[in-house]
Amino acid sequence: MSTSILTTGHSGPAKDQAMARRLGERRKRTDRILLWLALLATLIGLAFLISILATLLWRGLAAMNLTVFTEVTRPPGSGGGLLNAIVGTLIQTGIGTLVGTPIGLLVGTYLAEYSQGTKLGGAVRFVSDILLSAPSILVGLFIYQLMVLPFGGFSGIAGAMALAVIVIPIVVRTTEDMLQLIPSTLREAAMALGAPKWKMVLLVCYPAVRPGLITGALLGVARIAGETAPLLFTSLGNLTWSTDLTQAMSSLPVTIYAYAGSPYEDWVDLAWTGALLITFGVLLINIIARYVLRQRR
Amino acid sequence: MTPSMTAQRSRSALGDRIFAGLCRGAGIFVLVLLGAIIVELFIGGLPAFRAFGLGFVWGENWDPVAEEFGALVPIYGTIVTSIMALLMAVPAAFGIAYFLTEIAPMRLRQPVGTAVELLAAVPSIIYGMWGFFVIVPIMARYVQPAVIDTIGELPFIGALFSGPPFGTGIFTASLILAIMIIPFIAATMRDVFHTVPPVFKESAYGLGCTRWEVMWNIVIPYTRKSVAGGIMLGLGRALGETLAVTFVIGNANRIATSLFAPGNTIASLVALEFGEAEADSMKLSALLALGFILFVLSFIVLATSRLMLRPRAGH
Numbered sequence: 001m002s003t004s005i006l007t008t009g010h011s012g013p014a015k016d017q018a019m020a021r022r023l024g025e026r027r028k029r030t031d032r033i034l035l036w037l038a039l040l041a042t043l044i045g046l047a048f049l050i051s052i053l054a055t056l057l058w059r060g061l062a063a064m065n066l067t068v069f070t071e072v073t074r075p076p077g078s079g080g081g082l083l084n085a086i087v088g089t090l091i092q093t094g095i096g097t098l099v100g101t102p103i104g105l106l107v108g109t110y111l112a113e114y115s116q117g118t119k120l121g122g123a124v125r126f127v128s129d130i131l132l133s134a135p136s137i138l139v140g141l142f143i144y145q146l147m148v149l150p151f152g153g154f155s156g157i158a159g160a161m162a163l164a165v166i167v168i169p170i171v172v173r174t175t176e177d178m179l180q181l182i183p184s185t186l187r188e189a190a191m192a193l194g195a196p197k198w199k200m201v202l203l204v205c206y207p208a209v210r211p212g213l214i215t216g217a218l219l220g221v222a223r224i225a226g227e228t229a230p231l232l233f234t235s236l237g238n239l240t241w242s243t244d245l246t247q248a249m250s251s252l253p254v255t256i257y258a259y260a261g262s263p264y265e266d267w268v269d270l271a272w273t274g275a276l277l278i279t280f281g282v283l284l285i286n287i288i289a290r291y292v293l294r295q296r297r
Numbered sequence: 001m002t003p004s005m006t007a008q009r010s011r012s013a014l015g016d017r018i019f020a021g022l023c024r025g026a027g028i029f030v031l032v033l034l035g036a037i038i039v040e041l042f043i044g045g046l047p048a049f050r051a052f053g054l055g056f057v058w059g060e061n062w063d064p065v066a067e068e069f070g071a072l073v074p075i076y077g078t079i080v081t082s083i084m085a086l087l088m089a090v091p092a093a094f095g096i097a098y099f100l101t102e103i104a105p106m107r108l109r110q111p112v113g114t115a116v117e118l119l120a121a122v123p124s125i126i127y128g129m130w131g132f133f134v135i136v137p138i139m140a141r142y143v144q145p146a147v148i149d150t151i152g153e154l155p156f157i158g159a160l161f162s163g164p165p166f167g168t169g170i171f172t173a174s175l176i177l178a179i180m181i182i183p184f185i186a187a188t189m190r191d192v193f194h195t196v197p198p199v200f201k202e203s204a205y206g207l208g209c210t211r212w213e214v215m216w217n218i219v220i221p222y223t224r225k226s227v228a229g230g231i232m233l234g235l236g237r238a239l240g241e242t243l244a245v246t247f248v249i250g251n252a253n254r255i256a257t258s259l260f261a262p263g264n265t266i267a268s269l270v271a272l273e274f275g276e277a278e279a280d281s282m283k284l285s286a287l288l289a290l291g292f293i294l295f296v297l298s299f300i301v302l303a304t305s306r307l308m309l310r311p312r313a314g315h
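Listed in order, the protein sequences are those of chains Z and S.
Under the working numbering, residues 1 to 297 are what the first sequence spells out, in order.
Under the working numbering, residues 1 to 315 are what the second sequence spells out, in order.
No lab work stands behind these hints, which were simulated from the structure alone.
The reader is advised that the hints may include incorrect statements.
[Said to hold, decoys possible] Subject to a maximum C-alpha distance of 30 angstroms in a straight line, what follows is the list of computed DSSO-like cross-link-like pairs (lysine-lysine): (1) Z:119 / S:225; (2) S:201 / Z:28; (3) Z:197 / Z:119; (4) Z:28 / S:283; (5) S:225 / S:201; (6) Z:199 / Z:119.
[Said to hold, decoys possible] Distance windows between CB atoms, simulated: (7) Z:123 / S:83: 39 to 45 angstroms; (8) Z:287 / S:194: 46 to 52 angstroms; (9) Z:150 / S:272: 20 to 26 angstroms.
[To be verified] A short list of chain S residues far from chain Z (calculated; beta carbon distances all over 10 angstroms): (10) 34; (11) 51; (12) 117; (13) 164; (14) 194; (15) 228; (16) 236; (17) 237; (18) 291.
Beta carbons are placed, not taken as given, at the ideal position from N, Cα and C, and that holds for glycine.
Okay, chain Z solo, but in the shape it has when bound (with noise of 0.2 angstroms):
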């Protein structure tokens, strides 16, 4: 189909009926058949999304029992749980989190309140669009030379900086989109009243886009949760119980990488059901994430 149909109208496919009859065949059946085609790719599309959820489910549950969550992660062979894999992923996603958000806001707040068509502003959100889909192992190889080769080796809180320089980029782009989201006119009358803009950023803009701003966080939660790659160059994965930020500490998708690639059948089967609690937690708080947003809407 191509614009003829639009534009040599006036010279009348209805002097021929015949012909007129045979195009708008042609032009339905073009239809019907892309149509179907695009019905297939989505159902093609989902049934990729159940197909892994059910994998998940099939292989995650065989395995899953109570000593996944109280014990830790053991030889080939002799039992064992995800413990150390589970509390290092909280502590690594909360530090990271932590770090990440503020910065990020207020790289945002800078983006939607102050830069107005400044060239930093615009260099400021290029940048940080690179960030938000720039590979995610490069972070762990930057991370790996800023912080595990000058202080002698890897580290919890090496890890937690590798994700924390990913959920900036992420916290940036909805904290700038949300703020852009408030009429001018509650911003002119906080300013009317007068209250400094800082008053007016603290006291009205932020408290009229809570609920984005937390699905923002949660957003990055969710993405840096189930991160792998800049892992593995920062805080490596421990077999052990450790705490300790400054030791090398484990996490659910470094163990689970080392285990899915084992040959030892029960490591396997912990992998899974390791997938089965990153995949579903992740998940879960991205529907948490959208509810958030919805509730004000």
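Please build the complex by placing chain S on the supplied structure of chain Z, with the hints as guidance.
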């Protein structure tokens, strides 16, 4: 003006200066962060760049024992898997976006759209595991033998589909990458299609256009640039994806004609070999140099994508 009023004035002016300074400082910090990533990767890779010169980019060897390193094979693997993933993902993503904006009944649009977005939220290591345990056996047992016996027998293009059916390899890695980036591209396309003013579409429908004609003649021309930007964004994802590829690519440092042969990508090679690289070794430097090359590749793709996608609202 009373003294107390003046004091209050100056206090709020101070508050303003501090808060504005904090925000600006955070913005500058982001710039420094990106700069630091580039510089650290380059410094780390410098010994390798010095030792092998430009030959590092064109060298085919990856021999840790002889300390000879070349990046050609992983660069080739990265580009081939990403392009093949795009070829598979773009039509599928377009179909999903078309379905979600023009075809699906209103009641279905939200749940199906959310499902697509959830697919984008699944961690990449899960795609890798799923690919390794579910897709690879299917490829090895059914798909690859069938293709090798049919298309593989043809002259010329047969060479692309020859060799033993390992299940893993360049083609399987591309397929997993495609499945991973479909939801990203589909979600971007859907959002972009929504920016078309309804009156344009309504006018075309009013003239008697079919849904496809509206899509092809109105929506696509209007959004062409942003759609290309969304595709580039998917390409950026594919270039740097690590875990999903590492599981299924087979990890071999050679360029084979057959797409079913094992290979590697920059990210998969770095992830797999990093554990054996000692501090201050030439191997570590070569891996960091690979990281620098990957950064340059992704930066070009992502910057292009950013320039193509329309500037965000209000700017």
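Hints the structure fails to honour: 4, 7, 8, 10, 12, 16, 17, 18
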